[in-house]
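With the hints as constraints, model all of the structure from the sequences given.
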Amino acid sequence: MILYHLNHLRELEAEAIYIIRETASQFERPAMLFSGGKDSIVMTHLARKAFYPARIPFPLLHIDTGHNFPETIEFRDKMVEEIGANLIVRNVQDSIDAGRAKEEKGPNASRNMLQTITLLDALEELKVDAAMGGARRDEEKARAKERFFSHRDEFGQWDPKNQRPELWMLLNGRKNMGEHFRVFPLSNWTEMDVWMYIAMEKIDIPNIYFTHQREIINRDGMLLANSEYLTVRETEKVEMMTVRFRTIGDMTCTGAVLSPANSLQQIIEEVAASKTTERGTRSDDKRSETAMEDRKKAGYF
Amino acid sequence: MSDFSKDGYLNMELLRFTTAGSVDDGKSTLIGRLLYDSKQIFEDQLEAIEQRSSQRGFEHVDLSLLTDGLKAEREQGITIDVAYRYFATPKRKFIIADTPGHIQYTRNMVTGASTANAALILVDARKGVLEQTIRHSFIASLLQIPHLIICINKMDLVEYSEAAFEKVVDEFKQLSSKLDIKDVSFIPISALLGDNVVDKSTNMSWYNGPTLMYLLEHVHISSDENHIDCRFPVQYVIRPQQTEYHDYRGYAGRISSGIFKPGDKIKVLPNEETAIVKSIEIFGEEIQEAYAPMSVTITLDRDVDISRGDMIVRENNVPNVMQEFDVMVCWLNTSPLNVGGKYAIRHTTKDARCIIKDIKYKVDINTLHRNEEDKKIGMNDIARISIKTTVPIFFDSYRKNRHTGSIIIIDEATNETIGAGMIV
Numbered sequence: 018m019i020l021y022h023l024n025h026l027r028e029l030e031a032e033a034i035y036i037i038r039e040t041a042s043q044f045e046r047p048a049m050l051f052s053g054g055k056d057s058i059v060m061t062h063l064a065r066k067a068f069y070p071a072r073i074p075f076p077l078l079h080i081d082t083g084h085n086f087p088e089t090i091e092f093r094d095k096m097v098e099e100i101g102a103n104l105i106v107r108n109v110q111d112s113i114d115a116g117r118a119k120e121e122k123g124p125n126a127s128r129n130m131l132q133t134i135t136l137l138d139a140l141e142e143l144k145v146d147a148a149m150g151g152a153r154r155d156e157e158k159a160r161a162k163e164r165f166f167s168h169r170d171e172f173g174q175w176d177p178k179n180q181r182p183e184l185w186m187l188l189n190g191r192k193n194m195g196e197h198f199r200v201f202p203l204s205n206w207t208e209m210d211v212w213m214y215i216a217m218e219k220i221d222i223p224n225i226y227f228t229h230q231r232e233i234i235n236r237d238g239m240l241l242a243n244s245e246y247l248t249v250r251e252t253e254k255v256e257m258m259t260v261r262f263r264t265i266g267d268m269t270c271t272g273a274v275l276s277p278a279n280s281l282q283q284i285i286e287e288v289a290a291s292k293t294t295e296r297g298t299r300s301d302d303k304r305s306e307t308a309m310e311d312r313k314k315a316g317y318f
Numbered sequence: 012m013s014d015f016s017k018d019g020y021l022n023m024e025l026l027r028f029t030t031a032g033s034v035d036d037g038k039s040t041l042i043g044r045l046l047y048d049s050k051q052i053f054e055d056q057l058e059a060i061e062q063r064s065s066q067r068g069f070e071h072v073d074l075s076l077l078t079d080g081l082k083a084e085r086e087q088g089i090t091i092d093v094a095y096r097y098f099a100t101p102k103r104k105f106i107i108a109d110t111p112g113h114i115q116y117t118r119n120m121v122t123g124a125s126t127a128n129a130a131l132i133l134v135d136a137r138k139g140v141l142e143q144t145i146r147h148s149f150i151a152s153l154l155q156i157p158h159l160i161i162c163i164n165k166m167d168l169v170e171y172s173e174a175a176f177e178k179v180v181d182e183f184k185q186l187s188s189k190l191d192i193k194d195v196s197f198i199p200i201s202a203l204l205g206d207n208v209v210d211k212s213t214n215m216s217w218y219n220g221p222t223l224m225y226l227l228e229h230v231h232i233s234s235d236e237n238h239i240d241c242r243f244p245v246q247y248v249i250r251p252q253q254t255e256y257h258d259y260r261g262y263a264g265r266i267s268s269g270i271f272k273p274g275d276k277i278k279v280l281p282n283e284e285t286a287i288v289k290s291i292e293i294f295g296e297e298i299q300e301a302y303a304p305m306s307v308t309i310t311l312d313r314d315v316d317i318s319r320g321d322m323i324v325r326e327n328n329v330p331n332v333m334q335e336f337d338v339m340v341c342w343l344n345t346s347p348l349n350v351g352g353k354y355a356i357r358h359t360t361k362d363a364r365c366i367i368k369d370i371k372y373k374v375d376i377n378t379l380h381r382n383e384e385d386k387k388i389g390m391n392d393i394a395r396i397s398i399k400t401t402v403p404i405f406f407d408s409y410r411k412n413r414h415t416g417s418i419i420i421i422d423e424a425t426n427e428t429i430g431a432g433m434i435v
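If you read the protein sequences in the order shown, they are chains B and D. Just so we're on the same page, my numbering is the position in the first sequence counted from 1, plus 17. Just so we're on the same page, my numbering is the position in the second sequence counted from 1, plus 11.
It is worth saying that the hints were derived from the structure and are not from the lab. Be careful, since some hints might not be right.
In silico lysine to aspartate or glutamate, DMTMM-like type, Cα no more than 20 Å apart, as pairs [claimed, not checked]: (1) Lys219/B x Asp170/B; (2) Lys192/B x Glu423/D; (3) Lys353/D x Asp422/D; (4) Lys192/B x Asp407/D; (5) Lys102/D x Glu286/B; (6) Lys219/B x Glu297/D; (7) Lys102/D x Glu28/B; (8) Lys411/D x Asp337/D; (9) Lys144/B x Asp170/B; (10) Lys192/B x Glu297/D; (11) Lys219/B x Glu296/D; (12) Lys289/D x Glu335/D; (13) Lys192/B x Glu296/D; (14) Lys411/D x Glu335/D.
From a predicted model like this one, the values you see are computed outputs, not experimental measurements.
As structure tokens, this is what we get:
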């Protein structure tokens, strides 16, 4: 007897492609948020699969904090060139220069919060009515309650108590003027699923996910990359370490992990044996117990 | 997390299940136990709940805190919304739709149940079958969840007595005779202490059945999809604006049911044109068989006028094509259902409008009585209604096909999803 059944990665893939196609169909001006991290790379790969042999029928939008790893930007530009995608970049620096956003002060200053301002401005400027993001429900407790199609009011805010029920796979993207949606095709993926899928599909990722030597500052157990954006305190010292990154965000708030992993197989083994969640390497989530929930309500991804 | 070999991981299946229960029947503890005993809890998560447990003055780590969600919910000590949890064993990846069990949250239970392969229903061994057990079971049967697992919990508080277990099983069997349930299992457990959750209990030698985890890993789900009636709702038409693909027309979508193959004679609804499947593709790769829930692109041997919302079916097996039909509806909104009212609906990839012609009866979800007098359908009510649509809908009964038998009803003024409908 032949069993007509997909393995779980193929089922997640089919679900994500369905959501991406639904977004392209139901909205006039969708866009896909691209950060250069593994989740957005996987999402972009799924978008290519969804519309092949046609090109991705919406732009990729990168909100550049100016504090990215240079390797991320290099990877982004090469990938966009290869797949013939339309990339739009909006800079947090421009929001700061225009007085729309105010830089944080102090050694723990981060542009993570400021991204929301640039993002909301960009969505308005480009009249984006559906912004797809690579956020996953397993990342954080506030994200565990997200919908695939997440409705935002005209201020871009998320109201967790007043979400539209989502039944079967019948996604409701109807909206009033000025409102928009955030769409999360990878909602049901876990960190492990993402890595296994990258390995299965042989997807290219930035090299800082693999082991390398780097100047590191150990700040309260967080291994931060030494860079011009980080203010080193007097008591801190810069050390050379063998590290890789488990997630990629801003250089100022993404912690590295000590790791010799130089292949996907080794990364997968490391993730499987890991005793901490990947958000544990992100100082932006450690600010308070409800840091993510509060940021999401304000319009963050 | 436990070790995964790469090949093993590639052979894992996905099982979606829903859990329903109220605050005190141990649902959160059970989920916490499943996550904890399957080693899905990370140190930073454990630290956080240890800290909160001691802050609250608890003697032991309260596993139920693992599933605590939003600030608003923690303040009230309840779950408001459906929360999704993930864990995996070497055999399967699991998605839990964790839904609150109070009557005012029926809409959440329906939401969680709509995509589930299995439903876990918790019954307190001391209390037996309660109103809320009936409610949860009815929703599981209404939404046609293929597998029902009744966890008779708190066995530690009834001295692990077989008689107490059997009493609940008997009570449930009486109830289920009134329901449409295909596959039901009963497991005596203690979520608090871990008996029969992941590890076999040493306290109930009289029980020879599987543990909950074993059942979740082995329940047969490959026949949960309909592999007989070929239905392909067209989601998106791919027409590349590149010279090399000048004549390419691909019909993209997700297969609802049946098995499609190249060479199949198909019919397109609503225009009834026929054609032959030339190829079925995923990312340019041709595949020989496509079935639910695959997302694919189909090309045909000739030019046919097809757009989003149309449906490709086999020439000799077509769904109902009708504008008037009955629906079991669960109402999801505070503004009540309005007889004679006009609403937007969505069915597969098709948008239409409808008018509510009649309310046949309302179901009392605590007693399962049909009430033909009460025509007030408000939030969380379940009723059988008759509707008429502006255009023909291509459907199968929900019993036969969850994908082509379901609709959502949308308020045209607020755009909110206000009703979930299962076509009778």
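Now the hints, each set against the structure:
1. Of the supplied pair hints, the one linking Lys219/B and Asp170/B is violated, its CA atoms being roughly 38 Å apart against a limit of 20 Å.
2. A C-alpha spacing of about 10 Å is found between Lys192/B and Glu423/D, which places the hinted pair at or below 20 Å, so the restraint holds.
3. For a cut-off of 20 Å, the pair hint linking Lys353/D to Asp422/D stands: about 8 Å separates their Cα positions.
4. With a CA separation close to 29 Å, the supplied pair Lys192/B and Asp407/D exceeds the 20 Å bound.
5. Between Lys102/D and Glu286/B the alpha-carbon distance is near 17 Å, which keeps this suggested pair within the 20 Å criterion.
6. At most 20 Å may separate the alpha-carbon atoms for a hinted pair to count; Lys219/B and Glu297/D meet this at roughly 19 Å.
7. Restraint check: the Cα-Cα separation between Lys102/D and Glu28/B comes to about 15 Å, which is no more than 20 Å; the hinted pair holds.
8. With a C-alpha separation of about 15 Å, the suggested pairing of Lys411/D with Asp337/D holds against the 20 Å cut-off.
9. About 14 Å separates the Cα atoms of Lys144/B and Asp170/B, which keeps this hinted pair within 20 Å; it holds.
10. For the suggested pair Lys192/B and Glu297/D, the alpha carbons sit about 37 Å apart, so the restraint of at most 20 Å is broken.
11. In summary, the hint linking Lys219/B to Glu296/D is supported, as the alpha carbons are separated by about 16 Å, within the 20 Å threshold.
12. Annotation: proposed proximity of Lys289/D to Glu335/D is violated, straight-line Cα distance about 35 Å (limit 20 Å).
13. Distance hint between Lys192/B and Glu296/D is unfulfilled; the C-alpha atoms sit about 36 Å from each other, more than 20 Å.
14. Distance hint between Lys411/D and Glu335/D is fulfilled; the C-alpha atoms sit about 18 Å from each other, no more than 20 Å.
The earlier numbered hints that this structure contradicts are 1, 4, 10, 12, 13.
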